[in-house]
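Q: Spelled out, the chains give:
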Amino acid sequence: MADAAGSVAEPVGLELAEQFSSKDQQREAATLGMWAWLLTELLLFAGLFLCALVLRILYPASVTLATTHLKFWIGATNTAVLICSSFTMSGAIVTSRLGFRRLMLGCMLATAGLGSIFLLLKGFEYYQDYNEHMMPFLNMPYLLEKDTSSRLFVDVYYVTTGLHGLHLITGVSILLWLTWQASQPRFLEFHQNRIEVYGLYWHFIDLIWIIVFPVLYVLNR
Amino acid sequence: MSPSDAVLRDPGTPRITIDRPADYLHAEHTLRSWFFTTDHKRIALLYLASITGFFVLGAVAAGLIRLSLLVPNGQIFTNDTYNKLFTMHGVIMIWFFLIPSIPATFGNFLIPLMIGAKDLAFPKLNLLSWYIFMGGSLFAVVVLIVGGVDTGWTFYAPFSTTYSNTYVIPALLGVIVVGFSSILTGLNFVVTIHKMRCPGMTWFRMPIFVWTHYAVSLIFLLGTPVITMALILLVMERAFHIGVFDPRLGGDPVLFEHLFWFYSHPAVYIMVLPGMGVITELVAAFSQKRVFGYKFVAYASIGLASITFLVWGHHMFVNGQSQLASTVFSFLSFAVAVPSAVKVYNWTATIHKGAIRLDTPMLYAMGYIGLFVLGGLTGLFLATLAVDAHLHDTYFVVAHFHYIMVGGTMLAFLGGLHYWWPKFTGRMYPEAWGRVGAFLIFIGFNVTFFPQFILGYLGMPRRYHEYPPEFQLLNVLSSAGSTILAVGYLFPMVYLIWSLWFGKRAPANPWQAKGLEWTTTSPPPPHNFLRTPVVDYEPYDYAIKAREVG
Chain X
1 MADAAGSVAE PVGLELAEQF SSKDQQREAA TLGMWAWLLT ELLLFAGLFL CALVLRILYP
61 ASVTLATTHL KFWIGATNTA VLICSSFTMS GAIVTSRLGF RRLMLGCMLA TAGLGSIFLL
121 LKGFEYYQDY NEHMMPFLNM PYLLEKDTSS RLFVDVYYVT TGLHGLHLIT GVSILLWLTW
181 QASQPRFLEF HQNRIEVYGL YWHFIDLIWI IVFPVLYVLN R
Chain F
1001 MSPSDAVLRD PGTPRITIDR PADYLHAEHT LRSWFFTTDH KRIALLYLAS ITGFFVLGAV
1061 AAGLIRLSLL VPNGQIFTND TYNKLFTMHG VIMIWFFLIP SIPATFGNFL IPLMIGAKDL
1121 AFPKLNLLSW YIFMGGSLFA VVVLIVGGVD TGWTFYAPFS TTYSNTYVIP ALLGVIVVGF
1181 SSILTGLNFV VTIHKMRCPG MTWFRMPIFV WTHYAVSLIF LLGTPVITMA LILLVMERAF
1241 HIGVFDPRLG GDPVLFEHLF WFYSHPAVYI MVLPGMGVIT ELVAAFSQKR VFGYKFVAYA
1301 SIGLASITFL VWGHHMFVNG QSQLASTVFS FLSFAVAVPS AVKVYNWTAT IHKGAIRLDT
1361 PMLYAMGYIG LFVLGGLTGL FLATLAVDAH LHDTYFVVAH FHYIMVGGTM LAFLGGLHYW
1421 WPKFTGRMYP EAWGRVGAFL IFIGFNVTFF PQFILGYLGM PRRYHEYPPE FQLLNVLSSA
1481 GSTILAVGYL FPMVYLIWSL WFGKRAPANP WQAKGLEWTT TSPPPPHNFL RTPVVDYEPY
1541 DYAIKAREVG
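So the sequence lines, in the order shown, correspond to chains X and F.
Residue numbering for the first sequence follows the working numbering, beginning at 1 and increasing consecutively.
Residue numbering for the second sequence follows the working numbering, beginning at 1001 and increasing consecutively.
Mixed in with the good hints, there may be bad ones.
[Said to hold, decoys possible] Okay, derived cross-link-like pairs now, EDC-like style, lysine to aspartate or glutamate, Cα gap no bigger than 16 Å in a straight line: (1) F:K1124 - X:D24; (2) X:K23 - X:E132; (3) F:K1295 - F:E1538; (4) X:K23 - X:E196; (5) F:K1195 - X:D24; (6) X:K71 - X:D129; (7) F:K1295 - F:D1541; (8) X:K71 - X:E132; (9) F:K1195 - X:E28; (10) F:K1504 - F:E1431; (11) X:K71 - X:D24; (12) F:K1195 - X:E18.
[As the list claims (entries may be wrong)] Computed Cβ-Cβ distance ranges for the label pairs, DEER-style: (13) F:E1538 - X:V8: 14 to 24 Å; (14) X:L120 - F:H1029: 52 to 62 Å; (15) X:D24 - F:E1538: 23 to 33 Å; (16) X:R102 - F:H1029: 40 to 50 Å; (17) X:R221 - F:F1159: 34 to 44 Å; (18) X:I174 - F:D1536: 35 to 45 Å.
For the record, the hints were derived by calculation from the structure and aren't laboratory data.
A virtual CB, placed ideally from N, CA and C, is assigned to each residue, including glycine.
Let's have the full structure, built from the sequences with the hints guiding it.
A: Pasting the structure below:
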């Protein structure tokens, strides 16, 4: 069977690890394991979201003032970039199930590329924040010096986006390593599952940003 | 003959002969086969050795605290040294001993055995958890001993972020890293319990031990990330002045207490629930009787794990929290007593009219039930708003906490250690020495901690090393008790190690107990069972049934 790109579908499967009694059991265990990990990750961020929302209720004026200094359009573009990357990751999963390895590798590289674009934009955003003196933790004047309550919100902004960025850096690194692995012969025959499990993680990083963006940038703007 | 006896008499089960089949301890002998093992049983023993080491260090710190409190004027150590000592005791005992104690050792060893699996779902991840644990804990322990930290195990801001002049950041990093090992262990247990049960092992055929570990794993997964985040924010504030908790930097110190206790109250149940699982196994085995109200005990475990996430505010009654919030938290804290009491009543009902044997594990179990009731009831005093205003931050809280943690978890740990020792090592411990040790620990514990209830009620605050001279008698009594307790702990340490070489060889099922772990050899073969077990009988199918007793 040949696909549009001209490559031939490869056999797709899983190597049974010794502790499992069937491949279905192994597949389900791996998926459940990743879901459990994502649940943990969600709670890692949940405290920060809660802080941001509580601050919005306690000091609405200060927080609104602080949000107007966040770069809304960079955040919006980044949201679009991550949604596209989730789309390409889904493409990688579907093509891996069908055994189209070259298409899958292309989708994975595209995903990693979009993730890197996000990081570059985010870095540029931090640089602009720096120029605007919106970094209260540095030894330099802070733009909203008189409004101490805004400071807490801005700090939460840096910790949240920083933690998310850290996840993205980890995510892109693992993805590139996985792409290298997947380019080895017979990868899909033994380890197709890894693409599926990794896909869950990537979608999660996207999902977290989709919560971060409204909570920090959009509400009460 | 009950159905699981049929499994025991199965001709497929090998008898113990001189040419034993290679068990997991003797399958390989190199150091490499220990440090790079993926066998859950060997990893459990790695954990057992490491947490025992941490326990000794934490106990030495406790001994020095009691030494200092012999005299009222604080002459023995300086203030700073005393602060560092109680921080060392708290951090080591809670983060590096109690939290991993039962789950990482017994849970690791027994969950696959009890549900008839060959291993945990992710054996390599399990080994990684141990390395993460050792990396974080050794680093923090070195910091605590060499440099010292004076914040207490709670790391309250803004003292920890701004004012303390000790090595707070390295200690925090150690604790954060160890948190990831808990998360990964919990993840492994959840997946294993969901997906690795042998044919016929339905949810309501699982031993209560497995149920409690399921509940604990949920707390690991849902609670630990929140403390990780809170501690990361502390590090951020201390290292980079990103203000979150210090008011001068725009932060809110009460926020830290919320985030901290959102995990650290559930953490109390991380320490208590596995002990409850152990006690349920001991009580059923040494009464030779089915667990009374099995389903209620199972549900009570999940109930405890759920309600425990809703009571963190009871640590904050006197910090300016609103009256309404305090009232709600107080009510919910009373609600926690219900599932706890369900368990206690079910244990006593299980013992009632059973065929009781008072071997060492059962002595520990009986001690546990009594001390847990005392610890639990004094917890209700503290959940009462008006009483808490008087008792907050006094020795009453210290005594309450130790009745749950030492009287509860530590006794369950020792009881379980004796009960499963034959399964772990293939050797029996000396019964007479075991009983003497159990009595010494029980007496020593009560002499140490009961006076602290009175001290707290009379108004002695915790974490001070100077006190009015009229409190000296009770303090001396408490310190004297701690020496008995220390001797009591030395007993099992000595005779259990002795038994590794000189103990009697253990049969597969020395206690005539039920449960899949007793249907395999002692010690088990590398993949636990020679054939995958099939379960077609109820849990705890002992000859005496609860309904026959009536």
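Q: Run every hint past the structure and note whether it holds.
A: So, going through the hints one by one against the coordinates:
Under the criterion of a C-alpha separation no larger than 16 Å, the hint pairing K1124 of chain F with D24 of chain X is inconsistent with the structure, at around 20 Å. With a CA separation close to 56 Å, the supplied pair K23 of chain X and E132 of chain X exceeds the 16 Å bound. Restraint check for K1295 of chain F and E1538 of chain F: satisfied, since their Cα atoms lie roughly 12 Å apart, inside the 16 Å limit. A hinted pair counts as satisfied when its Cα atoms are at most 16 Å apart, and K23 of chain X with E196 of chain X qualifies at roughly 15 Å.
A C-alpha spacing of about 10 Å is found between K1195 of chain F and D24 of chain X, which places the hinted pair at or below 16 Å, so the restraint holds. Of the pairs offered as hints, the one joining K71 of chain X and D129 of chain X holds, with about 8 Å between alpha carbons and a cut-off of 16 Å not exceeded. Taking the CA atoms of K1295 of chain F and D1541 of chain F, the gap is near 14 Å; set against the 16 Å cutoff, the hint holds. For the hint linking K71 of chain X to E132 of chain X, the alpha-carbon distance of about 11 Å falls within 16 Å, and the restraint holds.
Between K1195 of chain F and E28 of chain X, the direct Cα distance comes to roughly 7 Å. Compliance with the 16 Å bound is thereby established for this hinted pair. At roughly 11 Å between alpha-carbon atoms, K1504 of chain F and E1431 of chain F fall within 16 Å of each other, so this suggested pair holds. At most 16 Å may separate the alpha-carbon atoms for a hinted pair to count; K71 of chain X and D24 of chain X exceed this at roughly 47 Å. Among the hinted pairs, K1195 of chain F with E18 of chain X is consistent with the structure: their alpha-carbon atoms are about 15 Å apart, no more than 16 Å.
At roughly 54 Å, the beta-carbon separation of E1538 of chain F and V8 of chain X lies outside the given 14 to 24 Å, and the hint is violated. The hinted window of 52 to 62 Å between L120 of chain X and H1029 of chain F holds, with their beta carbons roughly 54 Å apart. A hinted range of 23 to 33 Å for the beta carbons of D24 of chain X and E1538 of chain F is consistent with their spacing of about 27 Å. Range check, R102 of chain X to H1029 of chain F: Cβ separation about 48 Å, and the 40 to 50 Å hint holds.
Our hint of 34 to 44 Å for R221 of chain X and F1159 of chain F holds, since their Cβ atoms are close to 37 Å apart. Distance hint for I174 of chain X and D1536 of chain F: a CB-CB separation of about 44 Å, consistent with the stated range 35 to 45 Å.
Against the hints set out earlier in the document, violations occur for numbers 1, 2, 11 and 13.
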